[in-house]
Every structure is written in structure tokens, then in C-alpha cells.
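Protein chains in written order, with my numbering: chain A, 10 to 374; chain B, 10 to 374; chain C, 10 to 374; chain D, 10 to 374.
Treat the hints as calculated values from the structure; they're not laboratory data.
Any given hint could turn out to be false.
As the list claims (entries may be wrong) - When the alpha-carbon atoms are kept at most 27 Å apart in a straight line, the in silico DSS-like pairs for lysine-lysine are as follows:
1. C:Lys84 - B:Lys319
2. A:Lys95 - A:Lys152
3. C:Lys30 - B:Lys30
4. C:Lys30 - B:Lys95
5. D:Lys84 - B:Lys84
6. A:Lys152 - C:Lys366
7. B:Lys95 - C:Lys84
8. A:Lys95 - D:Lys95
9. A:Lys84 - D:Lys95
10. D:Lys95 - B:Lys366
11. C:Lys160 - A:Lys366
12. D:Lys160 - B:Lys366
13. D:Lys84 - A:Lys95
14. C:Lys30 - A:Lys366
15. A:Lys319 - D:Lys84
16. B:Lys196 - A:Lys366
17. B:Lys172 - B:Lys196
18. C:Lys322 - D:Lys366
19. C:Lys366 - A:Lys84
20. B:Lys84 - C:Lys95
21. A:Lys322 - B:Lys366
22. A:Lys152 - D:Lys30
23. C:Lys366 - D:Lys175
24. D:Lys84 - A:Lys30
25. A:Lys30 - D:Lys152
26. A:Lys84 - D:Lys30
Protein chains: 4
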Amino acid sequence: MAGSVFGNIFKVTTWGESHGKALGVVIDGCPAGLALSEEDIIPYMQRRRPGQSDFSTKRNESDTPEILSGVFEGKTTGTPISIIIKNSDQHSGDYSAIASYYRPGHADFTFDEKFGFRDPRGGGRSSGRETAARVAAGAVAAKFLSELSIKCTAYTLSIGDIKAEKTDFSEITQNALYMPDNEAAAKAGEFITKAKENGDSVGGVIECRIDGVPAGLGEPVFDKMSASLAHAVMSIGAVKGFEIGEGFNAARLSGHENNDAFIIKDGSVSKETNHSGGILGGISDGSQILFRCAVKPTPSISMTQKTVTKDGKETDINITGRHDPVIVPRAACVVECMADLVIADALLMNMSSRMDKVISFYTDR
Amino acid sequence: MAGSVFGNIFKVTTWGESHGKALGVVIDGCPAGLALSEEDIIPYMQRRRPGQSDFSTKRNESDTPEILSGVFEGKTTGTPISIIIKNSDQHSGDYSAIASYYRPGHADFTFDEKFGFRDPRGGGRSSGRETAARVAAGAVAAKFLSELSIKCTAYTLSIGDIKAEKTDFSEITQNALYMPDNEAAAKAGEFITKAKENGDSVGGVIECRIDGVPAGLGEPVFDKMSASLAHAVMSIGAVKGFEIGEGFNAARLSGHENNDAFIIKDGSVSKETNHSGGILGGISDGSQILFRCAVKPTPSISMTQKTVTKDGKETDINITGRHDPVIVPRAACVVECMADLVIADALLMNMSSRMDKVISFYTDR
Amino acid sequence: MAGSVFGNIFKVTTWGESHGKALGVVIDGCPAGLALSEEDIIPYMQRRRPGQSDFSTKRNESDTPEILSGVFEGKTTGTPISIIIKNSDQHSGDYSAIASYYRPGHADFTFDEKFGFRDPRGGGRSSGRETAARVAAGAVAAKFLSELSIKCTAYTLSIGDIKAEKTDFSEITQNALYMPDNEAAAKAGEFITKAKENGDSVGGVIECRIDGVPAGLGEPVFDKMSASLAHAVMSIGAVKGFEIGEGFNAARLSGHENNDAFIIKDGSVSKETNHSGGILGGISDGSQILFRCAVKPTPSISMTQKTVTKDGKETDINITGRHDPVIVPRAACVVECMADLVIADALLMNMSSRMDKVISFYTDR
Amino acid sequence: MAGSVFGNIFKVTTWGESHGKALGVVIDGCPAGLALSEEDIIPYMQRRRPGQSDFSTKRNESDTPEILSGVFEGKTTGTPISIIIKNSDQHSGDYSAIASYYRPGHADFTFDEKFGFRDPRGGGRSSGRETAARVAAGAVAAKFLSELSIKCTAYTLSIGDIKAEKTDFSEITQNALYMPDNEAAAKAGEFITKAKENGDSVGGVIECRIDGVPAGLGEPVFDKMSASLAHAVMSIGAVKGFEIGEGFNAARLSGHENNDAFIIKDGSVSKETNHSGGILGGISDGSQILFRCAVKPTPSISMTQKTVTKDGKETDINITGRHDPVIVPRAACVVECMADLVIADALLMNMSSRMDKVISFYTDR
């Protein structure tokens, strides 16, 4: 209950620090009989992995996931799936100095306040490296969802003020910034390069679309799907804002502009527009789920910064070491994986919502 | 686990529908010895209560909370506090027609998809009336927090495009819109009146400030305080977006602009600025916590709307009955109460974070 | 999280004290579409109700349950079912004296140690009256299970050393002690009467059989069905022991005596014997589930007892007031209801165990 | 939520199968600042380890635990502690035959029913080997408790009908059966040897005493300490019964025999006797906690047994391979570790029970 557990039925527990021996995740509650191997996880690890472009840290981690349990002869057994990712390139010498002061924008001070001390090597548990375990779990959830033809796709919507002008899924993997618009990506690349040259960093917005979600998922009241997605995404270190459908823009619309008219399409209930972002009253309405989140600029910058030491003296610091001038592209993969986890859990939770379906589940066997 | 339970230690369960006999909440995990009576809850119920201005529904509910358990001789006993609020003005006749079609922007369709049918009276469980129980719980949490000098204050930041230009807490209760700026409130009032005359509705943004939170609250990884606040606030029916500190604006700032320099102030670690909104790495940093959320325009509008009937036919509807042209001012109270619940729970969760404190807790008795 | 919540998906929260205004329960997670009314609950309340024989307290409570939410037009809606039971015969005057000392065998001392003070009226939250709310919840679970032809039956197996020699379900309701053996009940009645005349009390053993449970329920490792049943039953105030199948006797058997041979019966896998009590590896095996629990003698006796006062002085006391010389027969109903809750929850939990069933659940709609 | 997670605040998640690559546990919620290394865990692993006497399987596992996260410079950091135990002696060839039939007394059939198939190598997840991870977690909990001078001690009370006649803690480790009575252990040894020669197995009873628990732990109603202990202990594979204090014997006592008189001893409230087993109303009363559990005879026996094949044919089988003729001595360590986990969690849960203590916790810093 110290916050490293997520989900109700599809429940994941992550562990590990930036510069420890390894990090990993245990998934309890994945249904039995899902075909699964490391091959399903590796592509996700690759997307999140550092060192792939000029815009990400040069830390060299192979990030090879190893499944230690819960899979037999290529299928999940219904018991916990333990996945481990060994840390290879730890370089903990780089970080020895930072133990003595509090880096602005980082969790150094708050960890000390909460726990009395901290593992200072690379940010310890508060490092972005923690998300590697989330991605391994999300890859399993994504495999599960693919069996039901559900697909989450997250990408960089904007970097600073430079926004993708189109949403061409095929272009997402054609540029280092995971933008669905190569042209915008090129401009954003220049913008990042300039910030990097100044020893500064930039932020951006990630958008995620979820296709194939049946109507009826999410629980009324506290565990609305929108609330669960917000919880999941806001739990990623650098995320400072979350919105669904029209989001903050809805506050400026009138009711008749924001409401989505129901229509009949191909014989089924559908909506003329999708201002709601696929969720009504916290429950999926069958249309595409669409949300965005704001990622702050990387707090580790090489410009001189003012801060205080652990023993209470003001000082100036220059953070050296390997840092991303922007984490938005790598975070997109994490956002997508968190969405995968939420949808997988909601699917399993929803199975007990109707008496008629419970009865047919147990009598049609 | 159908989503009506919130919190880990300070755990609340709400129940009740818009037009049922009553609604209420059970709070399990409130520490023993807190002075508590209905008088602590009533002011909160009054703030949320309908029928208080031209901008809220004319439904007449006294919303008198009654404590049924968990309090003895004016103090909480450590056992569940059950609070009931009876529905007096049910008028369920008004709603008989809406059972046959799906109101745009409402949960009618999604409830039918999830549960196979729904209680159509006033939106049933998906009605905003459900939040009355949250407010009763939040009032108890607020009383608890007041013992530790912690105070949440939520207010209307903007209505449509009209934004408060100042944050004068004393003005919040001087206008019907709970804006901390009477002048902006006057303009917003005209804007709402116009929308109402058109049979339309408007939305807005709520801001919440939390003072007195000690550093160290919130859990790393999935249960970051920012994530718990997002979950709590996004679980309110009409909320479509959430941001903390700079929020979405952080995506446009550079690292050196967004980082808060640590300084020494009055002998303690403090921050020169508060772009982080009081939370670093998911843990409170001792400065003011500040977040905002976007509230969509009320979906119930009297303008003619296109929709479909339960049996799959397209139709035009005019929703009659008592509806708020704007729910932002009433929702501000709900947002504040959800924040109270999150902070109360985080305070109790945090007590087990350090071994030295656990030992002194049990040995200094 | 202060322990008044039980269950994972079929989740119940009880509240209320012996001499408060009312007590009740909120059930969150009951599937939608179950026919339910107070008529389904009343018979259970009657079985548990005091004042029905010479062997139970004369406290006069009608124990009429009222459903306040979650049911519309005779069917559950999938939203929380709130049930309230008003306390009518509170007689709190009877209990004023006991606030000053600690009754042996009761929770007076431990509540004071935990919470700093207590509601002394009738034992407050630690009163057996708390179980009225469990019974209301269990009645709903039983109604749910009846739709799947699952039935829990609990009865008095023994009182002191007097044991039922047969298990004739039809006789259970033919005697005041709920024994499946009228003859044994007659002897036990004399035994209780004698204890009562001495101002003393007696205990006994309750047995519960559960028919119709499909194989496959219960989760491996920590949430084995046997563990969940033990948790549920041991949480009833006076229960001091729990055993399943052969139970403690299994410790005296050899492997070949205790193992149940698998056989084919009517074309299906069955077992020749049922030493396991219907559970293997924590998972139901399709045969009858059978467990027993030990109920201690009522701690409230009118014989003079030695104890200490709240301010630390030794004293002699005579507890007056209305007390049961034996609570076993009334507790049988509570045990049965707790079993109902466990099975209902296990049924819903189990729906997500297999990928093929998850897929057909979502694709056969 | 598939049952591999245990505890509320001190929360453990175990993973791993008998013949997988490894097994392990993640502990989330252990307070920061506890001195911890593998050296604290190894002695517990040794106690549980197979191959140590004639009465346990010859499987040769070093069972060396490795801490992968959550500890920095010899102290816990407050973040998840991941412990891995590699499987070295897997011999999975031994088990290939058993995939085709259902072993009596094992979970083969029920796993197939629940999950559709199973990992047949050594029982997979339902193997007793799963408890190695529990022991690693329990060792950490025990280290935590030792800081508060709390100590759990479990031992073999009886094997078959041979019972320890005394409870001399010093003798527990002087015999291979972990009995606190060397003489009884010698007799029990002969009894086991005889059963083994017959290709049979035996069971027994484990007793556990917990010293140093302060009054006030455990939660009223569903999470009584007795209920949590029962849940924990009944979740161990072979355990079929649980009792606390007088347990099943309480059912045969009268109220005045079973009640414990409160007395003043050394100026504090104490009890003259301890029939309650240290728990009143589900809450610890400050005296020694004492419980017992029944362990069934090992189901794997080499005698010929009747069973059915996976494809529904009756057959006779002879289970070969390495099996314990009795698991009681090794299970004692597991029981003790489960008790450690329950007490550790209850200690942390209890910290939020009183307002005055919450206030002083936050204001005395």
C-alpha cells in the first residue's frame, strides 16, 4: 500500500530503482491462456529505451525483459507473471555529488521529507527509469487487448508550441519524436536542439486514442473510466495535466456545442460527434476514447540553478550527466501502456455487471 | 468494487440515486476522538444545495444530513460514520418521458449498455445529486484536516471565457458564482443569463488551493498525490480535465522556466516559485497545493436536440424540468470535498513511511 | 480500511452500533438485474432476531430491513444497495454501569486501548447486534446464489458436548436450537436451561454445507476459498476456531486415509469421498463444501466475576440485563450469511480467470 | 486480484512456480530505515528448505534469497523490496507423467477447472515451493517486528496422535521435527518413519505464540486480528483448520470457565488466564497471542491410488519422485512467517486509529 500496486483485477506491482541491480513488475490477474513471450514485450521496451536519438539520454540499457513465471509452453497460466529487466549501464559514479543537495524539479527533497533519506543514485525510485517496468506490464495488457481487437495509440501531439497539424498514424514511427506529422516533427527537432544547446529542456503534450473499446466499460461514481485513466497517466512522473475529449476546451463551450447527438449508424447507436472523448458518465460509449496529457520540461538541465544543500545552505549547481532534453517521445510509450492497463482492468471488472451474463457464464459451460 | 468506494484508510462508500428514498455515505477509518456533529456538515451541504440562485435548479431539497453511527457524545468512535440525506422533493413524474430515449451528454445510453437497464428517474445514480454524499464525507474530512491546520479552498476560476482576475478569498462567498472576484462574477452572471434564455448552458474552470499540507504526503509511483487528486476530481460527473501547478502550460515552458529554485526561508527549505503546484515526484513539497479542473456545460438544455430512442429510432427531443444552466459554482464545493478526502487519506497513509516514527509511535505511549 | 469492508467485487460495508439510531450495510458490486425486495431479506433477519426462544435475549427488535437504494422496479440496478435496520428497543439505561469497568470476555478493554474511549451502550460496535447488517447483506448474496442453484445451509452441530447424531435438514427449523436432529436439540435445551439457571452460559459448534458450487472457484495462494471462508467466519465476534473438511482430524489421518480418490460418476470427474471438504489447493472441486466453526460461550453471564475498573482498580461485578445463555443458534444464520458473501464474491472474481471465456463474453454479445 | 497479494499497508505479492526459473516476492509498504540484508532472510529460508532431514524431500535447493531493490546502504528505503530465489534443482523430467492425470489431494483437477490447463511441473503454482517466497517476506516482517520487541514462534505441537507434552522453546531446534519437546519428537520420528516405509504420509498440528504485541492491534468487525491470522494461515496449502486460544475447546466450556478475569499486575491491566488467546473482540489485549492450525498429511504418497486421467478415464497411479512424508516441521516456519506478516500489517494499520495520536505524530516533528 505504499503505492507501487495498480489495478483491481489486472493488478500490477512494480519495483526497482534507477541504479539498483534490476527492476521489474509482477502482474497478478492476467487471464490464463493468453499466448505470451518476451517477443511481445521487447518492441515496447525498445520504444521507451534511452539512447535512440539525439533527443534522449546516452545511457545504454539493452532493457531486455525476462519472464520468470506465469507462462508455460507459451501461454499464461493465470498465476503471477513476473518480468525482470536487469540494469546494465549503471554508472552510479556520475551521481555521487547530487546526494548532497536537492535538484530543482526533482523528488530529492520530498523523498527525504517522507522517508528520512533516499537512494540518490540516478533518482532512485523516482527516476523515469521506473517506467520501464510499467511498459513491460503494459505490453502484456496490450497483448491481452489485441485479442479483443482493442488498440491504444499514443503519440507526441506537441513539443513546446509546435503542434502536429495532422494525425497520420503511419508517420508516428517515421520520426524520432513519435509525432503523427513528420513536418511538425522536423520543426520540433530544431526547437529541441536549440534548447539543448542552451543547456535547457522542453516539454510537450501527448495524445492517446483508444479504438475498439466496447460500450459499458468503467464503473459509475469513483472509478469512472475517465478517473482511472487520469489516475494512471498523472502517476507518470513528469505529467502535470490530463484531459479527455474536449477537456479544458469544454469549459468554454455551450451545452449545445459540447453535447454529442446520438444517431443510428449501420443499425447501431452511435454519435454524430465525439466531444465526450468516448466516455459518458464515466462509462465508455463505444466511440474512440481520446485523451491528452501535459508533460513538463525535463527538470535535469545543465544551466546553473539555485538550490539548497541537504544541510540547509543555499548554493548554485550545474547538473551534469546524461539527460534527455525532452522526454515527451519516450513518455508517449509509457502513457500508452498505462492506458492499456486501465482498459484491461476495466474489461475484467465489467464482466460482473449484469446478472443475466453472470448466469449464462456459469450455465453455458 | 463497482466503484462506489474511495480511499485507502480514510475510506468512503457512497450510495443513493437522484430520486430514491435517500442517499448517503459510510466513512470507515476516520480516527477516534474527532469532535463531530451535523453542524460541521450542514454548511457544506448548503454550499452544494440546489435552489440557491438563479443559476441553479429550483429543485427544493433541504439536504439535511443525519449522522446514524460512529459518533458518541460528540466524538467519533473510530467505527464507521454513516450519514444519511433524505430526498424530499423527488418529483419523479417530471422524468417519466426520458426513460424512452438517450439524453445527449448524459449516461443514459452507457448505463443501459453496462447494466442492461437503468433507473431513469433524474439520472438515477449518474445524477449530480450523487455528489451530496461526497460533500457530507468531505465535510468530515475537512473537520479532520482543520485539526491539523490544513484547509482546502475551491472556487470558480472562470465561466466560459470570463476569468477571475484576482483571487480574493473573501469575495468567494459574496457572489452566487463562488468567484474570488466579484466583478468577474457579475460579468459571468450576465453571460449565464443569456445562455439560459437561449435554452443553453455553459461550463467553466474550478481552481483549488490547499494550504498547510506538510511535506512528505503522497506515495511514490502509482499513488502520487497528483494522481490521487486527479482520480478524485475526474470522478466528478462533469469534469473533463485536471491540471496541477502550471499544468498544460508546463508543456510550453522550458526547464529553467518551470523548475522551482529551492531557497532557505525562515530557516526552512522553501521554494522561490511554485510552478510545481506543491507536489514534486508525486509527494507534497510543503508549499501550497494548487490544481484546476474543467467542468463541461450542463448537458441538460432545453434547446431541441437530436437523439435516438431506446428502441433504436432517431428523434428530436426537448428536455424540460429543473436544470442548472451552469453547475460550476455548485461543483466547486464537490471538488473541494474530494480534495479534503484525498489529503485526509494521504495523511493517514504517510504515518507508516518511516521506521523511526513507527518505533516512537509505539514506544512513547 | 478500518475493517468494516468485506469482499473484492461483491463488496459490503457495514455500519452501526448496538444502541445507535440504526445499523446497516451498503453492498457495492451486486450485478444488475437481480430480482430483490425486502421480502427476500426478512426471513434471514427473523432467523437471527433476538427474543425468539427461551435461549435468546428478550431484547425486542423487529429488525425490519429497508432498502434505500440500488433497486428499481424490483430489480437491482448494479449500483450500491443500501439497507437500513432501525434500532427500536434501545434501553440504553440498562448499560450505564458497565461504562466504568471492563467486562471479561468482551471488547471493552481492547476498544479503550485502541480508540482511547468507547461507546459503552450495549457493546457499541463490538456487540453481536453488528451482525444484523451482515445478515441483511448475506440475504442478498443468497438471493444471488439461488439464481445459480447454489445454497448454503448452516446449523448447530453441537452445544457443549451434545452433538447432533444426524443431519436432517428438515429438522433444523423444527427446534429452537437450529439443530438437524430434534432429539439432540431437546437434550441440548435442557443443558442450556441448567447453565442459565446457574447464571452461566454455553458454547457450541456450527456446521455449514454449501451445495451447487461449481469447480474452479477461489484463487490460488492467499485468497484460497478456504482462507476466505476462514476470514469471513472468524470475523464473527464469538468464533474461536474454523476447520474445513476433516479439519483438525486430518492432522491425525494418514495420507492414504485423507486423500479423496477421483472417480468418474455420471460421466463427470467426481470424488469417492470428501475429506477435503470440497476444496483442493484452495479452489472448489465441485463437491459439497463443508466447514465447521467453534462458538465460545456467551461472555455476558450473571455469575459474579472478577475484573478491573477503567481507572485501574480490581472489583467484582454482576452483569445484569438481557443476554443469551447461548448464541450458537442465532450465530448459525450469521455464519451462513458470511458463507453466502464469500461464494458470491468468488463467483464474480472467477469470471476473469480464462482468456477463452473473456473473449467469448465480449464477442458473443 | 488473482490472490497473490496479501496485506493492506505491509503488502506482499508473491510469484513463481515450483519448476520455473525462480520465485520471489515484492514487499510494498515496509517503512524506510529498517536495517536489512540477505543475512536476515537466510536463516528463515534454511528452516523451510527441503533436504534437511530424513523426513523431508531430497530436492536440493540452496534457496539463497537475493534482494534486488528497496535497500540502500543496508537500510530499507520505503520503496518496494524485491527478493528473488532462483530454482536450481528443477528435475522437471520427474514430473512429466503426472500431467496426464489428477493426483488425489492435489490441485491438479481444480487448476484445470479454473484455468483450462496447468503447469504440471511439480505442482506449478500450487506447489509447497510457493511458500519459499512467503518465508522471505515473513523474514523481513520479523526483522521489522524485532525492532518493537515482538516475536512470533511457531513449532510442531503434534504429529498424528503424538503431542508435545511441554513447550520448551530451546528444544525446538534440537530435533528435526521442530517440536518443543525432544522426547515427543523422538516418538514422532519413529511414527513418521513407519508411515514412510508404508509409502504413506502423516499430518500434525502447529502452534504459534506471539509475544510482545501491544494491546489495541486488529480492526473491529471484518478485519479482526483473529480473522486476519486465520486468513493468513488457512492460505497455506495443507492447512485444514485454525483455532485461537481455547479454540474448538471453547465450544465445550461454560462462560465462567472461558472468560478471563481482568486483574491489575505490576500496575497495569492484565488477565488472570488467557483462554482468549490474546485477542478480545478481534483486537489484541496485550497478552500472548496463541493459535494452532491443523496440517493434513502430505497428499503425495507412493502407495497405489485410484484416480482419473485428464481425458476422463479411471486409472491406478503410483506417485514417484521426491516427497516429504510429513510437511509439518517445514510448514511451522511458513505459519510463523504468515503471522509475522499479519502483525506487521496490523501495527501499521493501527497507527491511524486515534485523532490525538495523529495530531501528535504531525505536530511533534
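Hint check results:
| no. | hint | verdict |
| --- | --- | --- |
| 1 | C:Lys84 - B:Lys319 | holds, 19 Å |
| 2 | A:Lys95 - A:Lys152 | holds, 23 Å |
| 3 | C:Lys30 - B:Lys30 | holds, 18 Å |
| 4 | C:Lys30 - B:Lys95 | holds, 15 Å |
| 5 | D:Lys84 - B:Lys84 | violated, 40 Å |
| 6 | A:Lys152 - C:Lys366 | holds, 16 Å |
| 7 | B:Lys95 - C:Lys84 | holds, 21 Å |
| 8 | A:Lys95 - D:Lys95 | holds, 15 Å |
| 9 | A:Lys84 - D:Lys95 | holds, 21 Å |
| 10 | D:Lys95 - B:Lys366 | violated, 35 Å |
| 11 | C:Lys160 - A:Lys366 | holds, 20 Å |
| 12 | D:Lys160 - B:Lys366 | holds, 20 Å |
| 13 | D:Lys84 - A:Lys95 | holds, 21 Å |
| 14 | C:Lys30 - A:Lys366 | violated, 39 Å |
| 15 | A:Lys319 - D:Lys84 | holds, 19 Å |
| 16 | B:Lys196 - A:Lys366 | violated, 52 Å |
| 17 | B:Lys172 - B:Lys196 | holds, 9 Å |
| 18 | C:Lys322 - D:Lys366 | holds, 26 Å |
| 19 | C:Lys366 - A:Lys84 | holds, 15 Å |
| 20 | B:Lys84 - C:Lys95 | holds, 21 Å |
| 21 | A:Lys322 - B:Lys366 | holds, 26 Å |
| 22 | A:Lys152 - D:Lys30 | holds, 23 Å |
| 23 | C:Lys366 - D:Lys175 | violated, 54 Å |
| 24 | D:Lys84 - A:Lys30 | holds, 16 Å |
| 25 | A:Lys30 - D:Lys152 | holds, 23 Å |
| 26 | A:Lys84 - D:Lys30 | holds, 16 Å |
In this structure, the earlier hints numbered 5, 10, 14, 16, 23 are contradicted, and the remaining ones agree with it.
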